[in-house]
Every structure is written in structure tokens, then in C-alpha cells.
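Here are the chains, one letter per residue:
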Amino acid sequence: MSATLLTRPGPDDAMMRRPVPVRLLVLLAGVAVLVLAAALSVAFGTRIVAWQDIVSAFTTSADGIAEAAVRQRVPRTVLAMLVGASLGVAGAVLQGLTRNPLADPMILGITPGASLAVVSGIAFFGLSTATGYIWVAIVGAALASAFVYTIGSLGRGGPTPLKLALSGAATTAAFTSLISAILLPRIDVMNVFRFWQVGGVGGASYSRIGQVLPFLVVGALLCLVCVRGLNTLALGDDLARGLGERVMVTRIVAFLGAVTLCGAATAVAGPIAFVGLVVPHVCRLLVGVDHRWLLASAGLLGAILLTVADVVGRIVARPSEIDVGIVTAIIGAPFFIYVVRRQKVRAL
Amino acid sequence: MSVGAIAAGRSRRLAKRRTVIGALVVAVIGMYAVTLMVGQTFYSPGDVARVIAGQTVPGASFTVGELRLPRATLAILTGIAFALGGATFQTMLRNPLASPDIIGISHGASAAAVFAITVLTVSGAAVSFVAIVASLATAMAIYVLSFRDGVVGTRLILIGIGIAAMLQSVVSYLLIRASTWDLQVAMRWITGSINGASWSLALPLVCAVVVLGGILLAHSRQLELLQLGDESASALGVRVERTRLVVIVAAVGLIAFATAAAGPIAFVAFLSGPIAARLVGPTGSVLVPAALVGALLVLTADLLGQFAFGTRYPVGVITGVLGAPYLVYLLIRTNRAGGSL
Numbered sequence: 265m266s267a268t269l270l271t272r273p274g275p276d277d278a279m280m281r282r283p284v285p286v287r288l289l290v291l292l293a294g295v296a297v298l299v300l301a302a303a304l305s306v307a308f309g310t311r312i313v314a315w316q317d318i319v320s321a322f323t324t325s326a327d328g329i330a331e332a333a334v335r336q337r338v339p340r341t342v343l344a345m346l347v348g349a350s351l352g353v354a355g356a357v358l359q360g361l362t363r364n365p366l367a368d369p370m371i372l373g374i375t376p377g378a379s380l381a382v383v384s385g386i387a388f389f390g391l392s393t394a395t396g397y398i399w400v401a402i403v404g405a406a407l408a409s410a411f412v413y414t415i416g417s418l419g420r421g422g423p424t425p426l427k428l429a430l431s432g433a434a435t436t437a438a439f440t441s442l443i444s445a446i447l448l449p450r451i452d453v454m455n456v457f458r459f460w461q462v463g464g465v466g467g468a469s470y471s472r473i474g475q476v477l478p479f480l481v482v483g484a485l486l487c488l489v490c491v492r493g494l495n496t497l498a499l500g501d502d503l504a505r506g507l508g509e510r511v512m513v514t515r516i517v518a519f520l521g522a523v524t525l526c527g528a529a530t531a532v533a534g535p536i537a538f539v540g541l542v543v544p545h546v547c548r549l550l551v552g553v554d555h556r557w558l559l560a561s562a563g564l565l566g567a568i569l570l571t572v573a574d575v576v577g578r579i580v581a582r583p584s585e586i587d588v589g590i591v592t593a594i595i596g597a598p599f600f601i602y603v604v605r606r607q608k609v610r611a612l
Numbered sequence: 117m118s119v120g121a122i123a124a125g126r127s128r129r130l131a132k133r134r135t136v137i138g139a140l141v142v143a144v145i146g147m148y149a150v151t152l153m154v155g156q157t158f159y160s161p162g163d164v165a166r167v168i169a170g171q172t173v174p175g176a177s178f179t180v181g182e183l184r185l186p187r188a189t190l191a192i193l194t195g196i197a198f199a200l201g202g203a204t205f206q207t208m209l210r211n212p213l214a215s216p217d218i219i220g221i222s223h224g225a226s227a228a229a230v231f232a233i234t235v236l237t238v239s240g241a242a243v244s245f246v247a248i249v250a251s252l253a254t255a256m257a258i259y260v261l262s263f264r265d266g267v268v269g270t271r272l273i274l275i276g277i278g279i280a281a282m283l284q285s286v287v288s289y290l291l292i293r294a295s296t297w298d299l300q301v302a303m304r305w306i307t308g309s310i311n312g313a314s315w316s317l318a319l320p321l322v323c324a325v326v327v328l329g330g331i332l333l334a335h336s337r338q339l340e341l342l343q344l345g346d347e348s349a350s351a352l353g354v355r356v357e358r359t360r361l362v363v364i365v366a367a368v369g370l371i372a373f374a375t376a377a378a379g380p381i382a383f384v385a386f387l388s389g390p391i392a393a394r395l396v397g398p399t400g401s402v403l404v405p406a407a408l409v410g411a412l413l414v415l416t417a418d419l420l421g422q423f424a425f426g427t428r429y430p431v432g433v434i435t436g437v438l439g440a441p442y443l444v445y446l447l448i449r450t451n452r453a454g455g456s457l
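First to last, the protein sequences are chains U and V.
Numbering of the first sequence is given in the numbering used here, commencing with residue 265 and proceeding in unit increments.
Numbering of the second sequence is given in the numbering used here, commencing with residue 117 and proceeding in unit increments.
Same shape as in the complex, but just chain U:
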């Protein structure tokens, strides 16, 4: 396949066969770090709260400002963990599915698709309920990513990373123009949309979590069903077919799962870039390429990353906050560049 410009360097044999105890240890360490991150997320924020207030927020029904602030941070932390885990898992599934190291919800045009769908929904159909946002975002995400993938896989060599990234960037540019065409004459919609667009978990509440949770569960289940199939797909389509794998079915189910996760996460927290890209790469280094372990660790690491990014965003810009979508983009873009630089690139 001479047309493949970027080739993923094969993981070392040692890495593929990470012994189970090591992987377990990694997962346990992940859980510990996640708990720590959650504790930090509850303890630190724009308002500086004393330790005794944090304790009393949970143990007593005291109603001071400090306690109220701490109680506000709990759903926010939960939402950050859920969204991060969804994006991490979705990224891992998409990278396995497309066998493409640069696959990421943002690069594949999933999040711009969701954005365009939500904007059209708000502007033309008076969409205002949270569940409505979620449905519309998922449909938009599915259409957009199918479109990007189809265009990116035309021609010789199938969906190479460069072709996918270019068709994603081009589609994103096109969608952005359409979004501004819809927004510019409607200042009220623009005002609603700009807050949604940034990507944040600041407005979290238990009811919002409740609305999005069913979608996340369904998406996660769809991804889990395909775990073995994804491992077989990694051997290449022909070999997978020879081993009795129904390649198309696995692809479609896994794709639907990933899109549901991304679409729902995007609907509730706005577009959040690069989590789906960074997390699977780090996880592959930690636990190897077996998707059973990969998905579990990607979920954990995604949750950790987003929670920590949220805490960082709250602390660095005191007394204001930086939304988590911006923090992840600032962390993630250099990582993307690093991945690109590491790839073997054939000269044009």
C-alpha cells in the first residue's frame, strides 16, 4: 500500500503482551488517581473553601455559601468524569475501527456535525429541551462522521490518516460557514450557542446528568459488545473475515456506539477536542493494544483527564474560569503535533 502516507509504528511485542498483573496494576492506579482527581475537583474551585466547610457540606445540612459551592461541584465532577470517559472510549473505538492513529471525534467532524445540527435545531425548529439537543446532536454527529469517512476513504489506499484529516478539516470549515450563516442574523440564537459551543461542564446539574446518562449507557454497551470484534479487526479485514468475524456488522455497531457516546457528550458539554485523540494513545502505551483493556483504561484516563482539566481551568483563571474544552485543546493540540511528527511521513 504505497499510498499510505502515515503508518502507525507497530507496538513492541513486549507491549502487546503486557502481563495481566501489570495491566491490573495500571487500572487500579487509574482508579486511585481518578478518586484523587474527583476529591481535588470538589475541594478546589473559584471560591477558596476551608476543609471544615467541605466536610460539613457532606455531613451536615449547613447552608452557608461555602457549603453551597462545594455541593455545586459534585454534579460538575460527575459530569466531567462521564463526559471524559465517553470521549476516551469513543476515541479508542474510532481509532481501532478506522485503524487510524489520528481518528478523533473533532478531526472526524463528529463534533462540528453535532454543532451544526444543534444550531439548526435551535434556529429553525425552536429546539430547547435537553433531550432534544441530545437526539439532534447524535443524528448530526452520525451523519457528519459517515460523510467525512466516506469522502476520506475514496480512492487509492482507503482511508489514510491524511485523507481523513483533510476531509475532516474541510467538512469542519464548510460546517463552520453554514453555522455562521445561520447565526449571524439571529443574535439571540448566537448568544445561546456561544455558551454551548465552548465546551464546558460548568452548568452541570443532576437532572442534566440524568437526561444524558441513558444515551451514554447505550453507547458504552454498544462499544463493549464489539470489543472482541475490534481485536479481530486489528488483524486486517481479510484475516478478520477468515476468522469468521462479520466485519461490516462489527464496524457499524462499534461506529454507532462511538457516535452515540460522542454525540451525547457533545450535546451535554459542548464540543471538547482532543480527549478522544490523546487518551487512547497513552493507554496503548500503558496497557497494550488488547481492546478489552484499552477501552477500560481509556474510560478511566478520559475521566481523569477531563476532571483534572476542569480543575486546572478553574484554578488558573481565578476569579473567573476557563472552560474545560479550551483547556483540553491547549493540552491536546501539542500532543496531536507530536503524534504527527512521530509518524513516518512519505515525501510527496
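Calculated from the structure, these hints are not laboratory results.
Just so you know, these numbers come straight off a predicted model, no measurement behind them.
Among the clues, some could well be false.
[Said to hold, decoys possible] Pulled from the structure, derived: some chain V residues nowhere near chain U, Cβ distances all over 10 angstroms:
1) 160
2) 259
3) 330
4) 331
5) 395
[Stated by the list, open to error] Pair ranges (Cβ atoms, derived):
6) U:456 <-> V:125: 55 to 65 angstroms
7) U:583 <-> V:238: 17 to 27 angstroms
8) U:389 <-> V:156: 32 to 42 angstroms
9) U:492 <-> V:242: 56 to 66 angstroms
Ideal Cβ placement from N, Cα and C applies to all residues, glycine included.
For chain U, the structure is supplied; the task is to place chain V on it using the hints.
Just chain V now, kept in the frame of chain U:
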């Protein structure tokens, strides 16, 4: 094939090129004239000519002289600047998708300008200055980051896409901080608009187009040779690194000045080169026809945006919506052909 047949084919292609360029020039002038005449009130060509000649015509002196003339002129200038910059990048990287609005250079200008508008609360020339510095810095950063035993086109494009995503999030962040008043100014700015056209806005762009555009045209021969690959080009007497540096700086400068004056008008840099190449066929440099196509695109899109719909859209929305399907088409065609992708 005999020498005569080759010569005949060559002169036929050159004749076609001349015809196409001539037609484009006529179309640009015609569109310019229409833009000056048409509007809320219609002025006859005679009135317009008298205003341009410096006579005072009641009504028309202000509408045409102060509003339409700078606007149409700015449209032509930004069109030329974006098209030249974009076509240069596309030629140099040998990829029609490698235009500045995809690989992050325009994003650098946008992020800086929105920062200037919303945080520094400056306007006018200061915004332009910040945007120009920022796009040069962005281009430099992309070039340095993609340098590893030389710059490979694909790596530069991918890294540009990454930088663009990062800058995009900076823009979103700044927008969410913005007050509602600044928001609309900033939104219009990012979309690309020549609504605020004035002579003071057009003047720096005139200088940029003359100087930097002149530099690019002077290097168009070397640019073509660079397409053959670095080694062949240097064997043919091109000083590769020096040429590349000069050309990149000139192209980014053009993009930056145009962005500073009108915002990053979507897809003009991206579309003009391929359309021009389609029109003139494979002869000679694509720069001159691309510049004409760019001017025509911006003029037409601005006229459409002003009067074709119920609301007045800024020109960038029109070029964006028109450009998007073409972009997808181009992508499909390039992928089908196998091409260099």
C-alpha cells in the same frame, strides 16, 4: 510528434490562456461597474463615471464616492490578495487543500484580532497590525514545527490542522468572554466582511498587493520550477531555500493584510487557485488568473450577500456557503484520482 505539432499545441494553449485571462479581466471590470451602479438607489453609468472623474453629482457623490467605491475596491483588493496567497501555498505544497484557511494561518489572524477586539478593546489599524503579526508568527510556528529533515508537505498540512484546532478554541474562549456588543463585531470579523470599507482601510492593502503581489509574480517562474521537486529545481538554477522563504513571507503577508482589512473571507484563498487552473488549463503560472478569479469571487459574493436575501449577509458567509460544496467536490475528485494524497 513533430516539432511543429508541439509548437502548434503550445501556441493553442497560450491563446486559450490569453482568451481566458482577457475574459476574466472584462468580467471583473463589469462586476465592478455593476457594484458601483446597483444598490438601494440605482445610478446610471454616466453618474458613476462623473463621480469617479471628480465631479459633484447630488446624492451619487456620497453614495457612490464614499460608500460603493471604497467597498468595491476593497472587494477587488482582498480577492486578489487572498487568491495570490492561497494559490502560492497550493502551488508550493502541491496540494489544492493546503490553503491558508485550512492549515491555520487565517486562524492565527482571527484569534489575534478577536483578542484585540474583545480584550484590548482596540479597533481599526491596531486590530490589523495585531492580525498581521499573529499570522506571520503562526506561519512561522507551523513551519518550524513541521521541520524535521526538511519540510514535508503532508506533515505541514497535518500540523497546520492541529494548530488551527487549537486557535479555534482560543477564539471560542474569547467569544464567550465577550460582551454582546463586542460579540457581534467579533463574529462579523471572523466571518469576513467588507461592510466597514473605507479608503483608510483600503490603503495599506493597496501597498501590500502592489509590493508583495509584485514579489510573488516576480517569483512565479521559480515557484513553478519548485513544483518539480527541490533537486530538479536547484539543478535548473533556483535557489531553493531562499526562494521558498521569500515566497512564504510574501504570501503570508498578503493573507495577513487582507485578513486585517476584511477578516478571513472564507474559501477565497482556497477556491481561486483550483478554479483558475481549471479555466486556463496547464499552461504557465496560475497566479494571475487566480488573482482575477479571487477578485471576481469577492465582488460577486458581496453583491449577492447585500441584496439577494432578506438579511444582509457579510461576504464571508456567501463565499463559505458557495465554497463548501466545491470543497467537498474537490476533495472527492482528488481522492478518486489517487493524486498526491
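Results for each hint:
1. For residue 160 of chain V, the shortest C-beta to C-beta distance to chain U comes to about 32 angstroms, beyond the 10 angstroms cut-off, and the non-interface label holds.
2. Remark: the non-interface label on residue 259 of chain V is consistent with the geometry, its nearest Cβ contact in chain U lying 13 angstroms away (cut-off 10 angstroms).
3. With a closest Cβ-Cβ approach of about 29 angstroms to chain U, residue 330 of chain V is found to remain outside the 10 angstroms limit, as its non-interface label requires.
4. Residue 331 of chain V, annotated as away from the interface, keeps every beta carbon of chain U farther than 10 angstroms; the closest lies near 25 angstroms.
5. Every C-beta of chain U lies more than 10 angstroms from that of residue 395 of chain V, the closest at about 22 angstroms, which supports listing it as non-interface.
6. Separated by about 60 angstroms at the C-beta atoms, residue 456 of chain U and residue 125 of chain V satisfy the suggested range of 55 to 65 angstroms.
7. In this structure the hint that residue 583 of chain U and residue 238 of chain V lie 17 to 27 angstroms apart at CB holds, the actual value being about 25 angstroms.
8. Distance hint check: the CB atoms of residue 389 of chain U and residue 156 of chain V are about 34 angstroms apart, consistent with the given range 32 to 42 angstroms.
9. At roughly 60 angstroms, the beta-carbon separation of residue 492 of chain U and residue 242 of chain V lies within the given 56 to 66 angstroms, and the hint holds.
When held up to the earlier numbered hints, the structure conflicts with none and fits them all.
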